[in-house]
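Peer 1: Sequence:
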Amino acid sequence: GIGLPNRDYYFNTDERTAKIRDAYPAYIAKVLELTGVPAAEATAKAKGIYELEKQLAEKSRKLEALRDPYANYNKMAIADLKKVSPTINWPATLQTIGVKNIDSIIVDQPEFYTQLDKLIAGTDLQVLKDYMAFHLVKDMGGYLSSDFVNTNFDFYSKQIYGAKEQKPRWKRVLRAEEDAMGEVLGQLFAKEYFNEKAKKRYEDIVENVRDAYKKRINNLTWMSDSTKQKAYTKLASIKKKVGYPDKWKDFSAMKIERGAYVVNMMNANRWWNEYELNKLGKPVDRSEWEMTPQTYNAYYNPSNNEIVLPAGIFTVPGYRDEELDDALVYGYAAASTVGHEITHGFDDEGRQYDDKGNLQNWWTKTDEEEFTKRAEVLVQQFNGFMPVDTQRINGRATLGENLADLGGILIGLDAFKQTETYKKGEKISGFTPLQRFFLGYALGWMYDMRKEELASRLMTDVHSPAKYRVNGPFPNVPEFYEAFNVQPNNKMYLPDSARVRLW
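Quick note: the sequence shown, position 324, residue 324 per the numbering used here, numbers continuous.
Mixed in with the good hints there might be a few duds.
[What the hints assert, rightly or not] Each computed PhoX-like pair below joins lysine-lysine, with the alpha-carbon atoms no more than 20 Å apart:
#1 LYS82 x LYS100
#2 LYS356 x LYS214
#3 LYS239 x LYS356
#4 LYS138 x LYS30
Just so you know, the hints here were simulated from the structure itself, not pulled from any lab data.
Full structure from sequences and hints, please.
Peer 2: Dropping the structure here:
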């Protein structure tokens with residue numbers, strides 16, 4: 001792979017990116033020096049490593065291209081890999097890393113492996129060795145002595161992301177523990193902060209949102225009945241996982257000792273490698289979670305047609321769940337999380353998977369064209385936002401997340417309108433239920449981000465920056481205008497004709 005955050009760092013010409021790119025070879029040289037390579041030799045080696053990476057980056061796909069499920073799903077027989085990269089001995093390579101008894105493999109970017117093959121065949125062996133050594137030390141640098149830790153921080157955290165100082169060591173180690181065996185902490189977190197009553201509350205909300213989604217699909221005038229019927233089937237088939245897994249991972253075989261930090265992390269990596277390899281040739285374990293209960297995030301898995309909603313995403317710091325008003329909860333959780341993740345099953349990427357998680361087009365051609373036309377309005381809206389310097393949001397790359405945000409708000413709001421809290425209309429602290437719903441949604445996106453990190457995310461993240469996950473979709477929601485009496489002279493006003501009409 002490459003050492004900069006993504007391929008665009010090697011080619012973009014804006015001043016901020018160019019400055020990072022120019023500093024990268026010096027960082028490579030510094031890492032090599034710390035391993036004992038003399039300074040002049042390290043500088044020369046760094047140049048070779050950088051040029052190799054740049055050539056790999058040339059054949060790495062752009063952010064928006066990585067979101068095309070068909071283009072990134074290329075199933076090949078092991079024997080056919082020779083056509084993509086004839087120099088690499090794939091059977092021997094796979095055997096060496098522990099992949100056995102398989103006859104095919106999915107290659108996401110065939111052109112990358114063709115380029116890699118050419119570089120292996122045409123690059124001096126010493127440069128390849130230098131490249132491998134550098135990446136090994138870079139990747140493990142956070143677990144080595146202070147010199148390595150500080151060098152990594154100075155380039156990645158400070159130069160790229162704008163951090164002023166490192167987090168305390170205990171926080172860094174806790175983050176490493178999270179990565180290594182986060183479910184151990186997850187059991188403690190779920191027990192303390194997510195009781196059975198809270199779990200039931202959010203499981204019920206999922207079903208309320210699902211019902212609201214079905215009604216909204218039913219009312220669509222642009223979608224044919226045949227596509228609607230398949231959408232109903234997929235919606236009903238979405239599996240919900242709320243709070244924490246029913247079955248916890250067993251980490252007893254992971255070797256952790258009071259010795260070298262880096263050795264413990266290598267042991268953890270080895271455990272995870274064996275854990276993943278052990279899945280080969282077996283049915284998919286659909287009970288598995290890819291996030292821990294304490295994670296402040298959630299996801300939709302198109303291959304399993306499931307939404308996974310960790311306890312952490314429902315937690316408002318400083319409050320117990322029973323203290324939270326339904327209006328806030330429906331904005332903060334039903335819209336921002338539950339509705340968002342369900343909508344991923346029907347966004348520009350997720351809609352290409354059927355109810356069983358197979359990559360299969362179940363839309364009529366006319367419906368597909370209409371979806372694309374309506375979604376394009378959102379692409380252009382987000383293309384118009386310029387969060388930092390001259391960098392705009394990539395409306396194409398962020399389309400799936402922007403669709404999920406907008407869909408989540410619409411569906412979450414429909415579900416909220418069925419609650420007693422909404423129907424009673426009682427104010428709290430001067431705010432109506434409708435206002436509290438929108439404020440609850442916005443609560444989840446109260447981030448203060450450095451310009452450097454914002455610039456990096458605009459290049460590497462398929463999510464829009466936090467501010468625009470609120471100010472972007474809200475103007476497309478009719479009830480937003482009602483809640484806050486938004487008028488044509490207000491900044492967030494959009495003429496009715498310019499609003500997205502999809503769900």
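Peer 1: Evaluate each hint against the coordinates.
Peer 2: Comparing the hints with the structure gives:
Proposed proximity of LYS82 and LYS100 is supported: the alpha carbons are some 18 Å apart, at most 20 Å. Of the pairs offered as hints, the one joining LYS356 and LYS214 holds, with about 18 Å between alpha carbons and a cut-off of 20 Å not exceeded. Our distance criterion of 20 Å between C-alpha atoms is met by LYS239 and LYS356, whose separation comes to about 11 Å. Proposed proximity of LYS138 and LYS30 is supported: the alpha carbons are some 11 Å apart, at most 20 Å.
Violated hints for the displayed structure: none, as all numbered hints are satisfied.
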